[in-house]
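Based on the provided sequences and hints, a complete structural model is requested.
Letter by letter, the sequence shown follows residues 1 to 326 of our numbering.
Since no wrong hints were added, every one of them can be taken at face value.
Derived BS3-like pairs (lysine-lysine); straight-line CA-CA distance at most 25 Å: (1) 252 with 280; (2) 280 with 291; (3) 143 with 252; (4) 312 with 194; (5) 312 with 166; (6) 185 with 166; (7) 161 with 185; (8) 166 with 190; (9) 312 with 161; (10) 291 with 190; (11) 195 with 312.
Now the in silico label distances, taken between C-beta atoms and shown as ranges: (12) 176 with 272: 56 to 64 Å; (13) 178 with 305: 15 to 23 Å; (14) 112 with 139: 15 to 23 Å; (15) 170 with 285: 44 to 52 Å; (16) 185 with 45: 33 to 41 Å; (17) 292 with 266: 41 to 49 Å; (18) 276 with 178: 52 to 60 Å; (19) 196 with 267: 32 to 40 Å; (20) 221 with 80: 39 to 47 Å; (21) 35 with 267: 40 to 48 Å; (22) 170 with 302: 18 to 26 Å; (23) 300 with 176: 19 to 27 Å; (24) 285 with 190: 31 to 39 Å; (25) 112 with 302: 55 to 63 Å.
It should be emphasised that the hints constitute simulated quantities derived from the structure, not laboratory data. Where is the CB? At the ideal position from N, CA and C, for every residue including glycine.
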Amino acid sequence: MATSSSPITQVSQHAPAPMSGLQPQLLTRLTLDLRGQKFSVDRETIMNLPESVLLCLFPNGLVLSRQSTIDGGESDEEEDVYAVDFDPQCFSFVLSFFRQAQDTFYGTSTFPGLYQAQQHLIDPASAHPPSDFSASQNPLLTKQAIIVLREELEYFSIPPKGDKAKTTAEPTTGQPSELLIDLKKACGTKLLEKKSIFTALQRNVSKENNLAEQHLIDMLCMSGFEREDVWGYRALEPNRCCISSIALVLLKTGISHSNPSDPTPAGVSVDNQQMGTAQKLLLFWRKPARKCWWDGLDVDIALPGESARVVKLWSRRVWTLELSLI
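As structure tokens, then:
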């Protein structure tokens, strides 16, 4: 029989039988190495993390299974360690907030949790079921919702005219001078002290008269944030002119508990108007939204006793807004 040069006809019609000893195994726990600090995290916790955080942790994706070897699989001692370029303190902050929110909502061995007291909201046989929304179409009745707001701030320093820190590179090394590096570090420290969440965006609203940005601030403040809130975690990235910030708040769903320790529905009430506002945030569930803008600012980096040393900063701010349900 004549052979064909087509790559399709050269493929075997019969798939090889799978080898029983090489079936992939789902990982129950992952060991992450975040800049030298190790975390052992269970699979469910990883899956509950915000999409925007997962993208930072695993920009190339993550396979939650591993291939077994022919002799029966890897031993427990030979665990996979994933090296991740992410701030370990920020990761601890996120894990702690999510763990506390989960314990408050679902309860612990000593605390009944809020979910038990609001079971009647999803029970069609309840004597007082909610009338303005359907439990089957509203996950806010059965899940704890968390608003996740992140900011990546990249800044550029422009030394004043005649300053000792020059923007030109060293002629011998091609690298920036130590004086310029020190100036950039001082500028980063000044920016790090500005922890208010909405000040920069409100400044942009006032300058550009951008109503959409004002509506964004108003929506977030109606849903859980306060206008004077500060970032929950904020830090300079190593060896970069970049500051990463994150804020986490529980979404205001309109479900109130007069006594959080009472597992009965007696003290549970629902504000349907607030629930309607909260449902708008479901647009950001598993669909992070980004906003980017430039911000100009003058900072004085003079040390105590020195004359003023004002540096012009241009900052590129990128906000990522997301809703997580756990």
